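Novice: Take a look at the letters that make up each chain.
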Amino acid sequence: MSIDNANQIAVDKMMNARPILKAVAPAKDVIPGMKDNLFLHAGPPIEWARMSGPLKGAIIGAMLFEGVAASEAEATRMVERGEVEFDSCHHHGTVGPMAGVTSASMKVYVVENAEHGNKSFSNLNEGYGKVLRYGAYSEEVLKKLHWMNDVLGVALADALESSNGLDMRALIAEALHMGDEGHNRNKAGSLLYLKLIAPLIAKVVNDDSVESEVLQFLGDNALSVLNPVMAACKAMTDAAHGVEGSTIVTTMARNGTDFGIRVSGLGERQWFTAPAEIPVGLFFSGFSQADANPDIGDSAITETAGIGGFAMATAPAIVTFVGGTPKDAMNATLEMYEITFAESKFFTMPSLEFRGTPTGIDLRKVVELGITPRINTGIAHKNAGVGQVGAGLVRPPIEIFEQALVAFAEKYNL
Amino acid sequence: MTVVKWNVRAGAYYDSVVLMQLQRGLLELNGVLDAGVVMATQANRDLLATNNLLPADISANPDDLLIVVKADDDNSATEAIGKVDELLARRKSSTVSEDFRPRSLSAAIKQLPEANWVLISVPGRYAAGVAREALELGKHVFLYSDNVSLEDEIALKKTAREKGLLVMGPDCGTAIINAIGLGFANRVRRGSIGVVGASGTGTQAVTAQIHNLGAGISHAIGTGGRDLKSDVGAITAHQALDLLARDPDTKVIALISKPPSPAVATQLISAAQETGKPVVVYFIGYPAPARKIGNLHFAVSLSEAAELSVGELENRRILQSSNSRFLRGLFSGGTLAYEMMVGLQASLSPLYSNGPITPNQNLKDPLKSEAHSIIDLGDEFFMVGRLHPMIDNDLRIRRIKQEAADADVGMILFDVVLGEGSHVNPAGELVPVIKEIREKRIGELKSSGGRVAPNDFGGAYRDHREHGELEFVAIVIGTDEDPQNVQSQVSKLEDVGVKVFRTASEAVEYVSLRLSRREANQFVQVNLEQLKQPLAGINVGLESFYESLTSQGAQAVHVEWKPPAGGNERLASLLAKMKSKKEN
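Top to bottom, those sequences are chains B and Z. For the first sequence, this note's numbering gives the first residue as 1, with consecutive numbering after it. For the second sequence, this note's numbering gives the first residue as 1001, with consecutive numbering after it.
Everything labelled a hint here was simulated from the structure, so no lab data went into it. In this text the structure is predicted, and so the values were computed from the model without any measurement. Where hints are given, some of them may not hold.
As the list claims (entries may be wrong) - Calculated cross-link-like contacts (lysine-lysine; reagent style DSS-like; alpha-carbon spacing at most 30 Å):
1) LYS1562/Z <-> LYS327/B
2) LYS143/B <-> LYS35/B
3) LYS1579/Z <-> LYS345/B
4) LYS382/B <-> LYS187/B
5) LYS1083/Z <-> LYS327/B
6) LYS345/B <-> LYS1110/Z
7) LYS1110/Z <-> LYS327/B
8) LYS1579/Z <-> LYS411/B
9) LYS1577/Z <-> LYS411/B
Isolated chain Z, as found in the complex (with noise of 0.2 Å):
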């Protein structure tokens, strides 16, 4: 036997939703078979009557609210009416909304406008669509993703350098950044060893023993395992040593990576150079030049990496280099030639020789230098008909002149080996020749105007200058028992502001100093001062990322990212092609 029963509470209006909500809330009652929640209007009372739920004597106004119930039995109705208020109340507290995640990159950064960052950690085949987009809208970024082609890399990096952004990765576990880890990063203080790192777990060994150390990080900047190769060639690296080089927070630079191309560590080496801040290379594999080469520290390990780093923080900065043109070393000691061309082809490229240590290095024509040049005169091509340099100065004058006319020539490396056996006096045939050429030099830049330097030397080096920007540097290796008396030969050449030198060791590191490539940036610096802004990023892929990020106190949205088009390829493939299409 059913049972209907009924309710009619005066001028309480809900709105239909509500009610709809509750009716639903009676039904799954115990005994309920059927319920009607609604406004007692005449349309709501047919609709009401059509389902049978309409009781004869029912009397209610279009205001009130009317609750009906049919059940199995007296008690569930009544069970059942009872319950309204209940349910009414109930939908208050019951749902717990989530707030949203958005799907696509634009909108997170619509709901996060100040993200400055975008973690990428999805499949490596979506990982560089997602890069490019993040480029596209101004953000760096973190590209933990592996297996993105090296093409990819290339293009990625290459739009991020035109656009001032970082691209950090692929393959990038590690970067602290503004004291954010990003990826697998461990917890370290904050301080002024900035980190460039093409290896995660480097970057973690090398900064976790800086703190342990007792100093901190001021940024440390990932660029994945493959920057280094000489296909990508260190955009980021370079990248990241700039903007290190430019951060005032930043006293010392550790720079880690395993073993990169040799042409890419050369210039890498030289922009390191160039930070003029002192910077601890630690190539893991591969072979150090010098323990130091001025303001460049050469670590055999990574934790020595560290502590080299940490002890530099004491030191102070070293002047930063200023010759950009090229190195031709005239020498007559063979030996001290290659010794040379060990110490300089780290940080000078391209370096020639008729006395090359690997294939690439051979100067095609001994008679015509190229580059950077270490000429052996000594060698047996020269020595036809002709007495060895350390006895005949005359093959070594002619070819100072040709060097000294070369305008592209900045520096002028000759070796002053004395002792028995030796010419009686070479820096008196010397000094003669480079006073000439010094003279021609300063002439030339008078008739043309006094050309200001491209670069801003410092005070130290205004007699270079004034020498029309070639340098002579000067190896004199000899004793002062020698029959020409090492320090009246020292003085003769000191005296038209040759740099004389007693080792080549000592050569080596001012040579590189003073020669690391200066070439203007090539690529829109990236902005220091956004970099300093509070991390705020968009994770895109892993959401440990984002709570790792959420945790460090970082404002951070996270992109509930799904394939493309599904996965569908075909049709992804066509999104693409529409993407690509800006004009036709």
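The shape of chain B in the complex, shown without the other chains (with noise of 0.2 Å):
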């Protein structure tokens, strides 16, 4: 079989996937292989050493939180004597932002694509401010852990127990339609998530205080859809990874030290890794470059479906982090129509005359054009528990598309 025909049903598959959103659960019922001592991270598979700040703080915190350790030096303790495992996400079907660090006893959401059956994983966005997935773990950080788990999560698992799940792919493409593109911008899908949820929580929920809480959270918190539509994006890459003789990347994501990908014709854990670059973008007050984290976290897999940066096309109110006019934003889009396979069926930009997004980044064109993928992304400050200091763009290494593309010809026998 050709590469093309190869990279043709890799990216039916990633576009035909039907990602609904089913349930809410702990990560060690559902997520495969999750365990007790076992904390999830971002990115590729990293060891402690290496693991930038706000990657270390989120796994302390996730100790704290899984009170497997009682305090900081408690946790570094056990950390260095081996005590607890950590493990890429993408290994069991996981995604997560910024840190994306996921304990066992976590809610986290559960996506299954009614396509071709395979679940994905993401945890629960906990809104702005000192936050886990930017490393914090103070005492308010870990409450408010403990009320998304014991309260929103319990709202949520019930409400959505109570319907037959939520079409995200249905919900991507309207949200595309309202200006987000799905991975910086999340007001639209946020409120439609909101919309959909709502009558659910309503039904389920019994003391009014509580349901008042847990819709004000959902609705003040732009990024609530966040984590279902990574898990969503990782349910439709998922479908198309293994697929012999298929250049198609079908992982991008990063821990804070590494930027790393997989390709579709590879193997499962055939990570090709380079340091992250910093990101560039525009950052909060009081914060400046020099304040950023190197690159980090799963919510990369927006692109690697096909929306997120790669549809800036259709996010004018973003077309800042890329110039600064909805021209640059086109531009932006047209862009990654050079590094990818095929137009998505589902997910379209008006702007663009309801063209489908760019879909399936194809290796050998990145390689060959030496054009690599935007990613729009969140910036982490590089001290743990300091939280989001910026926002902007970043594109990987080109390196690791070449380190991948000369192990596919090795593989291959080309």
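Need the complex rebuilt from these two chains, each delivered in its own frame; the hints are there to steer you.
Specialist: Put into structure tokens, the structure is as follows:
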């Protein structure tokens, strides 16, 4: 079979995947291979010593949350003694924004691909400010996490259980027509999510003040839907993984130290990595480029699935990230068509006459043209616990695509 | 002493990105130490507090825009707050964004789907790859790049021919398609002279001169300098001739080239005859076989090529030739045979003789004709124990019968040399044989069910078809005072349908016109309608070619081309392998 044929199969699987948000459940009950002393993190696998500040902080926070350690010092000691294990979220069908740290008792969204049957998972979004995903683990952070697990998580779980699930593909498609690109801007999608989930929550939550609190939290957080969207993208890209002979990129992820990719026609655990770049962008009050941590998070799964930075043309409100004018946003998307194999059948952009978003990054095109994917991203402070300091644009290092191309050629005797 | 000033704007919603931009603008102002511009939500106020930017006495709602400036002094802070509106307005007009410039051919074609041409002027080592991609995408190619290998040129042109596409080049400097100049081209008026040019400057000189003489150009199709070398076999020139022959807007064709290889020249001249249109040929440095052969005119300079082309616009077109088979010339006069060789070698190929001009024309066995053959029966090989054929017709009669038995023979040419000492009535001996052959052929035709000739003969040649596609042509040399009486000899021959000429050069013209090779085109014809559509081009390489296209009013897209894999040879070769790996 030709590479083009293999790629066609892979992108068809990616596009035809139908991610349905089915449930919220504790990680260890649903995530394959999840166990009490295992801590999943964003990006390619990495050992403790090489982890960046935000990721270390998030792991310590998750250990405190789980109660396996009572203090930062104890957590660090346990890690150094090898009493806990780490693994990449991606090895467990999971994705998480920023540090992406997911532990055994955390409630996670469960997305099921109704077309191919595979499942994917993502934790609940904490909102803005001091949050675990940026490496914060103060008492206030842990308190919020517990509330999310015990109140929000229960409400969402009951609400989803009372439904047939939420069609994430339809939600994303609609949000793209409302000014979201699905990565840095999720305002419309979060409101759509609230619209869908609110009646269900009203039905299952008896306590009015709890109901109000939960709805308020979901509505205030313009990133509420980011995690289900990421899980949906993961379900799509996982469906496209493992097609023999395909050069389609099925994972792009960063752990704050390394940027890693995986390719459909190469191994399940075969990562190609290089040091992550520091995103360039706009910064919140009081912060500057000097505060930025190298690129971190699994949220580049959105670009891998053909939205996010690839759908920039449809998100005029955030054009400043790419130069400032709607035309720059259009150009950003047009550039991504250069390195993708297909155009989405379901995600379309009104500003480009409803052309489908650039879908299925083709390793060959990236290397040939020297154009790396554009990723819209939040920017983490390099120190644990400070949080998000800005947002902007980052691209993966070209070397990892070159490495992957060479590995592909070797595997297929080219 | 630092000063903190703020401004609250009720109900003024801005996206956070706009606000971050504004904040950056404020920070660039003189005296400003820090600034915060946020919607005054609790989370944002907490953020400002972290950075000591939240004055204690502030009062604002989450829907309010809060602008805080920390500055060296009061003036700077006040001034900065005063600039907010200006900064918000500035971003609307400060950026001029350019149209997207694609980096790959496929993206460019998405941008300009109606593009029918791809202009390539990238470094030679990359040019063939780009051209191959263009052909795969179904586009004609104008290949300006040089240093493309001969193998690549041949492969590209063969692929193009299979797809009915043109590859003009490599090293093609000039073309004019539908009044749009590609590469280096003069601005010339539209007209009805088509040009096929294997020489860029030659084409420029001829097209410019045609314009200066008041006429114009339909299309000028470049071929690249190597097209007429024997390795390439003039693939593009043949396609171009065929295209211009079919183009009703082209009345006259000029064919311009540096010296072509002889075999290629012969084939091209045949093809030029096939066009049925006046063709002015100027092969720089190639000896012209004649000034004029049928519809062909041989020029001796570029400017004369232009003048002849313009002059031919007035003349009416010539009937298309039609006989597709071989000539056998059976001569009693050696010089006449030689003159026929000289005249016909340009248009008939392969051509053999027992009196060859070049070694490759040598007929291996004088007793056995091959392809087109001119036999001097007066050669001493035939003279052993025999009278000269001017006296004794026996040898020639037997040879005529022998040639006529060969179904591939379409024309038998012979000379009749009268005068003192010659046979008293050569026509009288030849005519019965010709009649007999004719009758036999007609009989064969009838018994085979009346096979229809492969070519649609015009009415003027109906008799030839009736005679089983075997034409007899005679050159009669003599005077009215000769003992045989030339007029009587001619009449006898003409009565049995022999075409009679009184000079060799007239016969050359007739024979070459009638016998030019009429093999069915072995290539997919280039779509004429497509050529006539407004030119839309994708330019890969020199930006000036793109600018030239747009300034001529053609639609064009410029590709921001870079060497594949950033010039990394190893990766580029892997990519090439991955591209060629269609099936396994």
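Novice: If a hint holds in the structure, say so; if it does not, say that too.
Specialist: Against the structure, the hints come out as follows:
1. LYS1562/Z <-> LYS327/B: Judged against 30 Å, a Cα distance of about 23 Å means the pair holds.
2. LYS143/B <-> LYS35/B: holds, 23 Å
3. LYS1579/Z <-> LYS345/B: holds, 25 Å
4. LYS382/B <-> LYS187/B: holds, 26 Å
5. LYS1083/Z <-> LYS327/B: holds, 27 Å
6. LYS345/B <-> LYS1110/Z: holds, 17 Å
7. LYS1110/Z <-> LYS327/B: holds, 17 Å
8. LYS1579/Z <-> LYS411/B: At roughly 16 Å apart (the allowed maximum being 30 Å), LYS411/B and LYS1579/Z satisfy the hint.
9. LYS1577/Z <-> LYS411/B: holds, 14 Å
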